[in-house]
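Enquirer: Sequence:
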Amino acid sequence: MGKTRSSLKANRTGSKGNASKGVGGATTNTKYQRRTGGVNKKQRSNHSLNPDRTTDPKTTGGVNARSKATINRLRMYKNFKPIRAPNGKILQAAPFQSWKNSGEVARVEPHRKWFGNTRVVGQEQLQKFQENLGKVINDPFQVVMKQTRLPISLLQEKAKQQRVHITDTETFDYTFEL
Numbered sequence: 001m002g003k004t005r006s007s008l009k010a011n012r013t014g015s016k017g018n019a020s021k022g023v024g025g026a027t028t029n030t031k032y033q034r035r036t037g038g039v040n041k042k043q044r045s046n047h048s049l050n051p052d053r054t055t056d057p058k059t060t061g062g063v064n065a066r067s068k069a070t071i072n073r074l075r076m077y078k079n080f081k082p083i084r085a086p087n088g089k090i091l092q093a094a095p096f097q098s099w100k101n102s103g104e105v106a107r108v109e110p111h112r113k114w115f116g117n118t119r120v121v122g123q124e125q126l127q128k129f130q131e132n133l134g135k136v137i138n139d140p141f142q143v144v145m146k147q148t149r150l151p152i153s154l155l156q157e158k159a160k161q162q163r164v165h166i167t168d169t170e171t172f173d174y175t176f177e178l
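According to the UniProt record's numbering, the sequence shown is numbered sequentially starting from 1.
Hints in this document: simulated from the structure, not taken from any laboratory.
Backbone N, C-alpha and C fix where the C-beta goes; we use that ideal spot for every residue, glycine too.
You may find that some hints are simply not true.
[Stated by the list, open to error] Restraint ranges, calculated between C-beta atoms of paired labels, are given here: (1) K146 to P51: 29 to 39 Å; (2) Q123 to I83: 55 to 65 Å; (3) V63 to G88: 27 to 37 Å; (4) K113 to P140: 42 to 52 Å; (5) N132 to P51: 26 to 36 Å; (6) V120 to T169: 31 to 41 Å; (7) Q92 to K128: 26 to 36 Å; (8) N50 to I90: 51 to 61 Å; (9) T55 to Q92: 28 to 38 Å; (10) N117 to F141: 31 to 41 Å; (11) G103 to Q125: 25 to 35 Å; (12) G122 to K89: 48 to 58 Å; (13) D139 to P95: 52 to 62 Å; (14) A106 to E170: 53 to 63 Å.
[Said to hold, decoys possible] Below, simulated DSSO-like cross-link-like pairs (lysine-lysine); rule was C-alpha separation at most 27 Å, straight line: (15) K68 to K113; (16) K100 to K81; (17) K89 to K78; (18) K100 to K89; (19) K128 to K100; (20) K68 to K78; (21) K58 to K68; (22) K68 to K81; (23) K146 to K135; (24) K113 to K100; (25) K68 to K89; (26) K81 to K58.
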């Protein structure tokens, strides 16, 4: 009627002495996947932190799967320490934390956001702000609530001091004895 127990055991994969045979008589292993052309290739893991995993939407979470850039960024956060020798010397730099060799030219890519004039103010606006600020500071019934990003010390003009006429008290010749 049905198969006997011994026949079931013989067909089971991984049983002693009876390794299951794949196509062409080659033994199959769970770590290796049979590819066309008779070449065995190691399977890639489908872990969420593996940037080289397969991108099949059916197996990797569909549209919500992490991109390669996101995975690399997360791995950078996780493995941020360099490997050091007992004396403190760095043996292997942390991922994404290497340095340039001496003599190599390092270059910063040009970008509008980095090199543009971000906070530019005209002379008229600056004078108007300075006048309004002077009125508010001199009035005891008004208070400045919102801080400005401008350095206030540069906006306040220093009062002109009278020159000290040192030559009136002592002559130039007497001071420097020419």
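Enquirer: Does each hint fit the structure? Answer for all of them.
Expert: Right, here's what the structure says about each hint:
{"no.": "1", "hint": "K146 to P51: 29 to 39 Å", "in the structure": "violated (47 Å)"}
{"no.": "2", "hint": "Q123 to I83: 55 to 65 Å", "in the structure": "holds (56 Å)"}
{"no.": "3", "hint": "V63 to G88: 27 to 37 Å", "in the structure": "violated (46 Å)"}
{"no.": "4", "hint": "K113 to P140: 42 to 52 Å", "in the structure": "holds (43 Å)"}
{"no.": "5", "hint": "N132 to P51: 26 to 36 Å", "in the structure": "violated (56 Å)"}
{"no.": "6", "hint": "V120 to T169: 31 to 41 Å", "in the structure": "violated (48 Å)"}
{"no.": "7", "hint": "Q92 to K128: 26 to 36 Å", "in the structure": "violated (59 Å)"}
{"no.": "8", "hint": "N50 to I90: 51 to 61 Å", "in the structure": "violated (26 Å)"}
{"no.": "9", "hint": "T55 to Q92: 28 to 38 Å", "in the structure": "holds (30 Å)"}
{"no.": "10", "hint": "N117 to F141: 31 to 41 Å", "in the structure": "holds (37 Å)"}
{"no.": "11", "hint": "G103 to Q125: 25 to 35 Å", "in the structure": "violated (48 Å)"}
{"no.": "12", "hint": "G122 to K89: 48 to 58 Å", "in the structure": "holds (55 Å)"}
{"no.": "13", "hint": "D139 to P95: 52 to 62 Å", "in the structure": "holds (59 Å)"}
{"no.": "14", "hint": "A106 to E170: 53 to 63 Å", "in the structure": "holds (59 Å)"}
{"no.": "15", "hint": "K68 to K113", "in the structure": "holds (26 Å)"}
{"no.": "16", "hint": "K100 to K81", "in the structure": "holds (18 Å)"}
{"no.": "17", "hint": "K89 to K78", "in the structure": "holds (21 Å)"}
{"no.": "18", "hint": "K100 to K89", "in the structure": "holds (17 Å)"}
{"no.": "19", "hint": "K128 to K100", "in the structure": "violated (49 Å)"}
{"no.": "20", "hint": "K68 to K78", "in the structure": "holds (15 Å)"}
{"no.": "21", "hint": "K58 to K68", "in the structure": "holds (17 Å)"}
{"no.": "22", "hint": "K68 to K81", "in the structure": "holds (21 Å)"}
{"no.": "23", "hint": "K146 to K135", "in the structure": "holds (15 Å)"}
{"no.": "24", "hint": "K113 to K100", "in the structure": "holds (25 Å)"}
{"no.": "25", "hint": "K68 to K89", "in the structure": "violated (32 Å)"}
{"no.": "26", "hint": "K81 to K58", "in the structure": "violated (35 Å)"}
In summary, the numbered hints that this structure violates are 1, 3, 5, 6, 7, 8, 11, 19, 25 and 26.
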